[in-house]
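Asker: Following the hints, complete the assembly by docking chain G onto the known chain Y.
2 protein chains.
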Amino acid sequence: MLTAARAAFAERGFDGASIRAIATSAGVDPALVHHYFGSKDQLFLAAIEAPANPAEFLPEVLAGGRDELGGNVVRMLLRVWDGPMQPAALALVRSAVGNEWTAKLLREFLVSQVLRRVVATLDAPPAEREARGALVASQLIGLVVARYVLRVEPLASAAPEELVAAIGPTVQRYLTGEVELPGR
Amino acid sequence: MLTAARAAFAERGFDGASIRAIATSAGVDPALVHHYFGSKDQLFLAAIEAPANPAEFLPEVLAGGRDELGGNVVRMLLRVWDGPMQPAALALVRSAVGNEWTAKLLREFLVSQVLRRVVATLDAPPAEREARGALVASQLIGLVVARYVLRVEPLASAAPEELVAAIGPTVQRYLTGEVELPGR
Numbered sequence: 001m002l003t004a005a006r007a008a009f010a011e012r013g014f015d016g017a018s019i020r021a022i023a024t025s026a027g028v029d030p031a032l033v034h035h036y037f038g039s040k041d042q043l044f045l046a047a048i049e050a051p052a053n054p055a056e057f058l059p060e061v062l063a064g065g066r067d068e069l070g071g072n073v074v075r076m077l078l079r080v081w082d083g084p085m086q087p088a089a090l091a092l093v094r095s096a097v098g099n100e101w102t103a104k105l106l107r108e109f110l111v112s113q114v115l116r117r118v119v120a121t122l123d124a125p126p127a128e129r130e131a132r133g134a135l136v137a138s139q140l141i142g143l144v145v146a147r148y149v150l151r152v153e154p155l156a157s158a159a160p161e162e163l164v165a166a167i168g169p170t171v172q173r174y175l176t177g178e179v180e181l182p183g184r
Numbered sequence: 001m002l003t004a005a006r007a008a009f010a011e012r013g014f015d016g017a018s019i020r021a022i023a024t025s026a027g028v029d030p031a032l033v034h035h036y037f038g039s040k041d042q043l044f045l046a047a048i049e050a051p052a053n054p055a056e057f058l059p060e061v062l063a064g065g066r067d068e069l070g071g072n073v074v075r076m077l078l079r080v081w082d083g084p085m086q087p088a089a090l091a092l093v094r095s096a097v098g099n100e101w102t103a104k105l106l107r108e109f110l111v112s113q114v115l116r117r118v119v120a121t122l123d124a125p126p127a128e129r130e131a132r133g134a135l136v137a138s139q140l141i142g143l144v145v146a147r148y149v150l151r152v153e154p155l156a157s158a159a160p161e162e163l164v165a166a167i168g169p170t171v172q173r174y175l176t177g178e179v180e181l182p183g184r
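Protein chains in written order, with our numbering: chain Y, 1 to 184; chain G, 1 to 184.
Chain Y with its partners taken away, still in its complex shape (with noise of 0.2 Å):
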């Protein structure tokens, strides 16, 4: 089932993807997933193997309201990383830019798992969210490999409220600011 959900995803995206088609493709019953994994989501993360939820963890993000959601994105970012998932999260970003595969998958959490959720708080068209949250992975995914992947300095050894200080205002810019956004 799970090698099956895999492919569907790679290759037809998260919602490109349905369980009834993954379940014909393993040979199973839909029934029999659902009963499984539940929802969609849930058999997208366990096909991933995602170190976290982050259905578990956005909610706290999103309730300090649209003007805190910059800071509070990047703050949740660092404690996720800096906490026991580092390594699996490691793995996962090393296995994503070495395989085209596991990139696409990749792509897919961060779109349809982190950023769909973070930008359907902001009162806006879905080709001006999409564009905000790809412009706010753009900086999260480059902080996270200068910090731990290429370990730059003071990246790499500053408290995380430093970074929330310099980056968060970015993010929040890209949220909720004035920006050119791009493919518009």
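If you're looking for bench data, these hints aren't it; they were derived computationally from the structure. Just so you know, not all the hints are guaranteed correct.
The list cannot tell twin chains apart, which means a pair is met if one copy fits it or any two copies do.
Said to hold, decoys possible - Derived SDA-like pairs (lysine to any residue); straight-line CA-CA distance at most 25 Å:
1) Lys104 x Asp123
2) Lys104 x Ala120
3) Lys104 x Ala91
4) Lys104 x Leu90
5) Lys104 x Trp81
Answerer: Same frame as chain Y, now just chain G:
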């Protein structure tokens, strides 16, 4: 010589590695290293098989002046990455993310050959220049990974000037704007 150079740059960093020590460990005369490579910069670029020599294109980036620096840095990054060097540059990034040794070399490349030259034009103390350079790195690395590796839309298919307009102001703020800098 290049093997000895790679080991020295990865272990001791660009600043800590000396041509004399590299020559000794390769069992050759330092004059020979100078003869073949000219400078430590050149030896380093050869050792990491750098797809481009930043010394060649950075003068153009810097010529626009301080207030244009953010947009010009993004524009040049995209020109290099959208050009014929993309496969080699992508291979270097993939290798750096997958391998700690190459990660150190890529970090030294970014810091010593790119960021230091960009922030050298700022009228600021060294620790501030280092912090501003690292923040710039976090945004540029993320742009590269989001656009070329994970192919997050609309970044992946945006025209370069759209990305200059959206992301240039972030880089400009990191370089010359009011930022609470980490590590100070």
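Asker: So, for every hint listed, does it hold in this structure?
Answerer: Now the hints, each set against the structure:
Proximity of Lys104 to Asp123 under the C-alpha cut-off of 25 Å is found in neither arrangement, the shortest distances being 28 Å within a copy and 42 Å between copies. Taking the shortest Cα distances, Lys104 and Ala120 sit within 25 Å of each other inside one copy (22 Å), while across copies they are farther apart (38 Å). For the identical chains of this complex, Lys104 and Ala91 are neighbours both inside a copy (15 Å) and across copies (18 Å), given an alpha-carbon limit of 25 Å. In this assembly of identical chains, the alpha carbons of Lys104 and Leu90 lie at most 25 Å apart whether taken from the same copy (16 Å) or from different copies (16 Å).
Taking the shortest alpha-carbon separations for Lys104 and Trp81, both the intra-copy value of 21 Å and the inter-copy value of 20 Å come in at or below 25 Å.
The structure fails hint 1 only (numbered hints given earlier).
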